[in-house]
Each structure stands twice: as structure tokens, then as C-alpha cells.
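Going line by line, the protein sequences match chains X, Z and H. If you use the working numbering, the first sequence corresponds to residues 1 to 251, in order. If you use the working numbering, the second sequence corresponds to residues 252 to 817, in order. If you use the working numbering, the third sequence corresponds to residues 818 to 1037, in order.
Treat each hint with caution, since some may be false.
[Claimed, not checked] To give an idea of the chain X side of the interface with chain Z (calculated C-beta under 10 Å), a few residues: (1) LEU50; (2) LEU193; (3) ILE199.
[Said to hold, decoys possible] Not close to chain X: a few residues of chain Z, all C-beta gaps over 12 Å, as computed: (4) PHE290; (5) TRP315; (6) LEU380; (7) TRP383; (8) ALA394; (9) LEU482; (10) GLY763; (11) GLY780; (12) SER789; (13) GLU794.
[Stated by the list, open to error] Some chain Z residues flagged as far from chain X (calculated, every beta-carbon gap over 12 Å): (14) THR429; (15) LEU705; (16) TRP775; (17) ASN796.
It is worth saying that the hints were derived from the structure and are not from the lab. Beta carbons are placed, not taken as given, at the ideal position from N, Cα and C, and that holds for glycine.
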Amino acid sequence: MLLGLILLAIIFAAGFLFLHPPVWFPVAITSAAVAYDRQFLWTLWIAGILFLAAHLVLAWIVLRRKDAGENACSTGIRASWLAAVAMIAVEVALAAHGTSPLTAGAPRDFETIEVWAHQFAWNFRYAGPDGVFGRVKTEFIADAAGNPVGIDPSDSRGKDDIVASTLRIPAGRDVRLLLHSRDVIHDFFVRELRTKQDIVPGMTIPLDIHADRPGQYEIACAELCGLAHNQMHSILIVMPASEYDQWKLQH
Amino acid sequence: MEAATLTTRRSVRHRIFSTGLFSTDHRVIARQYFFLSLFAVVVGVCLSLLMRFHLVWPQAKVSWFEKIWSVRAESGIMTEELYLSLMTLHGTIMVFFVLTLAPLNAFANLVLPEQLGQREMAFPRLNMLSFWVTMASFLTLIASCVLDEGGPIAGWTAYPPLSAVGSVSGPGEGLGQTFWFFSIGVFCIGSLLSAMNIISTVIECRRPGMSLMQMPLTCWNWFVTAILSVLSFPVLLAAGLLILLDRLAGTSFFVPGDLLIAERNVDHSGGSPLLWQHLFWFFGHPEVYIAILPGMGIVSHIISNFSRRPPFSYRASVWAPIAIAFLGMLVWGHHMFISGISPYSALTFSLVTMSIGAPSAALTLNWLGTAFQSPRLELNTAMLFCLGFVSLFVTGGLTGLFLGQPEIDAYFHDTAFVVAHFHMIMGMAALFAVFAATFYWFPLMFGRMLGEELGKLHFYLTFVGAYALFLPMHFAGFAGNPRRYADFTNFDFLKPVMPLQRWITMTAFALGAVQLIFIWNLFWSMLRGAPAPSNPWSGATLEWNPEGELPGGEPYFYPVKMDVTT
Amino acid sequence: MATLTEPKVRSGGGPPPPITPLLPRGGDGSGGSGPDPSASAATARIAVYIGMCASTMTFMALLSAMFVRRGLATNNDWHRLPVPPLLWWNTVALLLSSVAVDIGRRAFRAGRRSEFRMLWLTGTALGTWFLIGQSINWKFLADHGFYMQHNPASAFFYVLTWAHAAHVIGALAALYYVACRALFFPFVPMNRNVLEVSAIFWHFLDVMWLLLMAIFEFWS
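I would like the entire structure built from these sequences, with the hints used as guidance.
As C-alpha cells, then:
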């Protein structure tokens, strides 16, 4: 029966695609990302087994020859309950396995960097040698004049703040990104970190990361923010910690 | 009882333009809804093909782009605002005017009264009104896109502040977005009227002697879906009202203060964009169950019919959709895992989301079990589409296992993985149920049979095409390919994904072309199809046996054991 | 012809109840499932209960939005509104209107037509007064500078009272319809449904108003 053959072909095609994927995840650069990949594989195996089971049964149903004969079905409701309970057990186990402890607590000594998103560019602010951020106000924002973040010129603490269009973080250190938006909802997404975070105007949202692998990784906006949503491109540069400190001093 | 043909016995009902535009006859209204959603799906598919074309050939010049969209396609190249407005229209039309109307309104109006042993819905005039209100909503939506400044670009989810501050946030965000919100508000009212009708008919208008646990499974699913509609559409209406006030009356329900958009200060303060997301998704998640539950009922019913046996477990097939609907009202937060909600809320939503897999697994077991225990499986087109539904539902549902975990979702949110997930389950599985229902009840709609050979050809090509298109799309999601991007030229990591995107576009065009087989089959069979016998499928429900008795004089009630030899 | 047997899945003893044959189709449906008026009344009542459910969901959505917004009130921008003069009188008027309509409904059922007419007209008049009173209240707030913009408390007050008033307009139209029928035309059993349904919905709006007043008074 053609449908049965198609179902078997689909099973094989799916298997083939996963064995020789046309594209795949990029390299994981944090330990959280490595844990992510592990949980992803667990989920993939379980989903794959269930997919295989359901499709094999379906293919069997349409391919077999059968003779006329009635089967009683008083087992129907019991089997249904069994299926439901089994499914929920599998799913809850999977979810629990993947949940990181909620009581992990904030890292103690972290580097804070501010991420400022707007239509349609990224800006990043570093605290400078004094380690303190200057006050910002919307009225001081002037992209053309080089103040995209709106640092208050009367605040002395802001004079040494570094504002750049690429994000540099030290490898091997805890970094807290404080996400701000001045207009609509954006989303900070770096694939190699295996996480993203919506940036909601009116809120300052922290995102804690700890990257281990130096390199350059692309930053994309992942929440529709208007016309040029697809053009909000920036780079995350993970530098060895010493180089990062040096870079901060030189700016 | 001789086998009178449907054309002779019911021919009066089945002339295509039989009883006038404002008829209160439930079958006329069913056909009106059917043709509205057919038109909508054709428009929606064309929009998607335009989108797919642009994604792989963003700089291509197409002369008639300029003719139709002069402002947004100068020199024939589709601009980003045109792409985003096509995308918004595609999502809105498909979710509202195809997936809410076709499985529920079109087919419930067609067979619900007859399956319950009645001649009409509870409120025929309200029924007619609900169709015309829905039509008004559709026309308003179309109007939003033909305005001078163009249609909205905020997606079918219309998140503020993008959608709430007017044209300063983007082209089409002025009058176009306002019209869009009006259209959705009017749609809510149409849906509520229709749901009222369905619920009243099921509760009060069953034939005497038919208890709720003797209703066909289709009726159960329409009933549960209608209840979901009553509980969720009003919330969308409220949200739409508040956002229209934000746009028109200067309130700040959803817009925070201190915003600088396009170098202009926006005069709002104190609102919360997350509030819109909560309200919208409180409606939005039940909406996707409104899209799939009628399909599940249709599939249960048709599989039972062509397996020549009652459902594997009638009670499970009743309680599982109820459980799905109930749980479905509690999981809206899983659309907001990375929005900025607390991790404790995320965990709760995640656990409840995962538990929806349980009734879904029970239902899948029921479909497979019914077919498995069949003494004689009849694999005609309607049955094939139902089996295809089971396959697509399983695949699409299993990708939910990934998205239901907040940490896993943190990567996949707003990537092609999500797009693949919901297209597999809403775009393909729900549509397969609509195809199955069309083949099954075509004789009731038009007194003729829908062509089987063309139907089977259409099924095989569409089923293969569905997997060929959407299975690879998941891989684009693995690579982190974001969604709602007008093109993929600005990122290095998207270059290796382009061959996959080209494959998806080619397959989309092929799949779109295959649907022409269905359209041809539909219209040809309407006019020239074989006249249908009174019970072409030897069905045991009352729409095929209106005298209330089964062949042989046995009294009807559901679920019945069906005779194998007919 | 094939024979079919009863399924084994039916639980409980006893044969299935006798199946009545379907009624022949007579004209297009004119509402209701058959000539039995009580069946039609039950159906109408279900419909209005569903309408009440839908309406309740709308108000719950608006109220939850209000609570969330109040919780977010940064810069203490949640200002208490001055109490418009007619607010409590309006509440009393709506309550009395509901009482009048209900007693009128019972009078109709008992056949006391003139009593019904008087009570129903009183209820309708009081309902109209409620609407007029609401407009006066809104004007009062506007005159005192409480508009929609820049003031979430007044914005929500307006939204909730407008939503309620929109429902009142619809329900009042139904009350007027019944009043006109009562005054000028004989009342057929069919129209009793309109009477019952409009009375039930009117009571619902009254209860909703009391709920809104309680929330305004104690929580904002």
C-alpha cells in the first residue's frame, strides 16, 4: 500500500536527515550551552522514539492484510489511560531533567555590561575604569552626535563610559548583561550561547553568561521590531580576560 | 428503504446559489463559510509563496510587483515593509479565516444539527448574522492592506509598543494597524455568536433520547471548541479595545514611558508591553486548540467510519479533548518564556504544557487503535487524509516537547523551528482534517461525490510535500535561523542555510501547485461529479440516516458497531 | 440488508430509550428546535448564559489588566478619582430597575398584565436614567481634568464603565422592545423568550455593576 511505503520512506528520510544534517547547531561556548546540547539530545531521542513508534504502527496498520473478524474493545479506556500516564511520566521526567536549579543564585563577582537596542542597531556600554555607569536620560540620546545611549553630560561618572557597537566580553568570567530598549521590543540572541532574551522597553532585564571560548559570534535581533528587524546585526567578541582588561584601559 | 440519491432527495438544497445570500438554512451558511475559508486559504497560500520567493531572491525584479504595490515595490523589488505586511496578512488570514472558520464553522453548521437528529441549528438567524459579521471582519482586514500607507507589519501577534504607537514605529503602523485591530475585534464577535449557536444546539437541541455520551465525536469536539471560543475570544476583544485606546485615545495600557522612536518622543507612560502578551496569549493558545480540536473530532469520526467499527474508546475520545481544552487554557505563558516572566512562572507553565501530551497521546492511541482493530480498512481519500493527519499531528506535537521546556525554548524561540512546529500541526495537520471532512461530507454539500482518483493523487503529493517542506525547516531552526526576517543577507551564519531555504521555497511552490489539483477536483465535481447515493460511506450517524433508523430498521444510537459487509 | 447490533460499550442496564422519529422539515427554521415553547425558552436561556460567560470573560480581562497596571504604578501615578456625584444614585437606580424588571417578569408569568406593564416601564425608565447618569458622571470627571491620557486610574474607570454602558445600551434596547410589544401588541408565547432573556441579562448587568463599584471603592 502506497501510504505505508510513504510512511516508511518518511521514517528513513527523517533518520537520514538527522544523521547527515544539512545544517546544525553552532559550537557551544558556555557550560550552560553544553548542558543545553545534552538536554536537546535527550529530548531528540525521546521524540524520535515516539515518532518512530507511532509511524511504525501506522505503517503496519495500512500495510498488513487482514481478514474479517471482530475484536472486542473493552480494553480501550484502560489502554488510553495507560498511554496518557506513560506520556506524562516521560514528559515530566524530561522537563525535570532539563531544568536548571532555580536557586542557583546570582554570580558574585561579575562584569556588568549594558546592552542598548533600538530600531535598528545595537550599542553596548562599559563602565570604564571607575567601574560605575553614568546616568542616562532619553533626552540626551543623539545617535548622530555619538551619544546613542543618552549619557548625561553633567554626570562625571559617565565621562569614562565606553560606548561601542560591538560587544566584547572576557572569557572565563561571569558577565551580566543589562538589556535596555529605547523604543520597541527587541531580543538579544547569540546562537553559540544557546539562549536569547527579549528586551522590553521600560524594563531592565539581566542576562547572565559565562563564556569559555574566545572567538567572534554574531548577535541577531529575535523579536520583530519593525522594518529593518533583519538588519540588526552586531558581533560578540569573546576575548581572553587579560586582553579584555587591556582593551578597557585603552578606551 | 430504497437508495434514493442525494441529488433527488435533497437536490433543492444543493444548487450552489440555492436560497439566497441571507438564508438562514444551516447548510447554505455552511457553504458560505466553506467558500470564504477556501478563498482565504488561496489568498494565504499565494501570500506565502510571495514570501518564500522573496526570502531566497530578495533582489529579484518582478514587474508586476510594482504594478500592484507601487509604493512598496519600487522598480519591482519587494521591500522589507511589503514582505512584513504580506507576512502579517498571511498569519492573520490563515489563523483566523482558515483555521478557525473551516474546521469549526463550515462543517459544524453543515452536519451538527443533523448528527444530533435536528433539522436546524438553535438560532438560524443568529447563524446568518455570525457569517456576515465574519465577512465584515474579512473585508476590514483586506481594507487594512489596500490603504495608501499599506498594511500593518507587526505580525499576527501585534506586540506593542510596535503596534501601539502609530506610524512612528514603522510603515503601515498607522491606519493600517488600526483597521487590523478593528477587523480582529469584529471577528471576535462573529465567533462568539457562532459559538453561542453551537453550544445551545448541543445542550438543548439533541433529539429526545440522545444523551451527551451518545453524541458523535464530531459534535463533542465542536462543543468543546465552542466553549473554548466563548472563554478566549472575549479576552482578545478586551485586549483589542485597550490597544485601540492606546492608539487612538492616548492611553498607556501597553506603552511604557520615556520612549524615543525614530528620534521622536512618544507621549505615553506607565504601560506594560508584557500585559498585552499575557492577554493576547491567554486567547492565543486556546485559539490554536480551537483550530485543531474540530479536526480531531472529524478524524476520530471518519477513522471510525472507514474502520467499520466504533472508536477504540469512546469515553477516552470524549475526555481527552476536554482535558486538552482545559489544560490549553492554562499554558499561555509558554509563548512568553523569554519575554521577561519569572522563572517560577515559566516552570509552572512548562509542566502544564508538557502534561497536554497525555490526552494527546491517549487520542493518538485511540485513532491508531480504532484503525488497528479494524476488520476491514477502507482506504479512500477521506480516510487517507485522516491517517495523514495522525502522522502530521504526531510529528508536529512531538516538536512541542522541545518548545515546552523553557531552556530549550530559549534557543528556538522566534526561529524557524517554531515556524516548522506550528505549520506542521496547524498548517498541515488541521488542513488535512479539513480535506478529509470535505471529501466525507461533499455529498451532503453538493449532492455529488468528490473525485476519488484526483483526490488520492492530491493526498499523496500533499502528504509527501508536507514532510518535504516542513521537516527540513526544523533544521533551519537548529542553525538558529530567526523568523520574521525579510531576508537573510545580513548575517554570515545564515549563508550556509540558504541551500536549505531554496529547497523549502521550491517545495513550497510545488506544494502550492499541487493544491490546484484539489481546486480543480472540487469545482469539477460540484458541477459534474457522480451523483451521490444517500449513504455513500455506509455511515452510522444521523446525517446519513435522517429517518433515525439504520438500514435494517435498527434504532440508531452512537457509538454503533458497523456492519462489515456493506 | 445488513443488521446492526447494540454496542457493548453501553454501561448501565436497561434498553435504550425509544427513538422518536425526526420531525418533517417545515419551512426554514425560525428559531428553536420545534413547536414546544418551553424547549425554545430553555434554548434561549442557554444562549443568554453563554452571552453572560463571554461578557464576564471580557470584564475579567479588563479587570485583570487594571490590577496588573495598578501593581506596576511607578512614580505613584495611580491617582484616586473624585467620586462623581451620581455614582451611588446610579447604582441604586440600576438596582431598583432590576428589581422592577424582575417583579414585572413574575407578574407577566402570573398573568397580571397591567402590573407587568407598569413595573416593566418603571424598570426601563430607571435603566434609561442610569445611562443618563453615567454620561453626567463622565462629564463631571472630564470637567475636573480626569481624562484618558496620563492617568491610568481614570483610563480604566472610563474603559470599564464604557464597556458596561455598551452592554447596558444593548440590554436596554431589548427592554424597550419588550415594553413596546407590551404596550401596543398582544404578547405571544414566543415573545416570552425575549422577556425572560432580557430580564436575565439585565440582572447580570446589575450584578456586574455592583462588582465594578465594589472594586472601584475598595481596590482603586
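Here is what the structure says about each hint:
no.	hint	result
1	LEU50	6 Å, holds
2	LEU193	9 Å, holds
3	ILE199	9 Å, holds
4	PHE290	27 Å, holds
5	TRP315	23 Å, holds
6	LEU380	35 Å, holds
7	TRP383	33 Å, holds
8	ALA394	22 Å, holds
9	LEU482	23 Å, holds
10	GLY763	20 Å, holds
11	GLY780	24 Å, holds
12	SER789	15 Å, holds
13	GLU794	24 Å, holds
14	THR429	17 Å, holds
15	LEU705	15 Å, holds
16	TRP775	23 Å, holds
17	ASN796	22 Å, holds
Violated hints: none; the structure is consistent with every hint.
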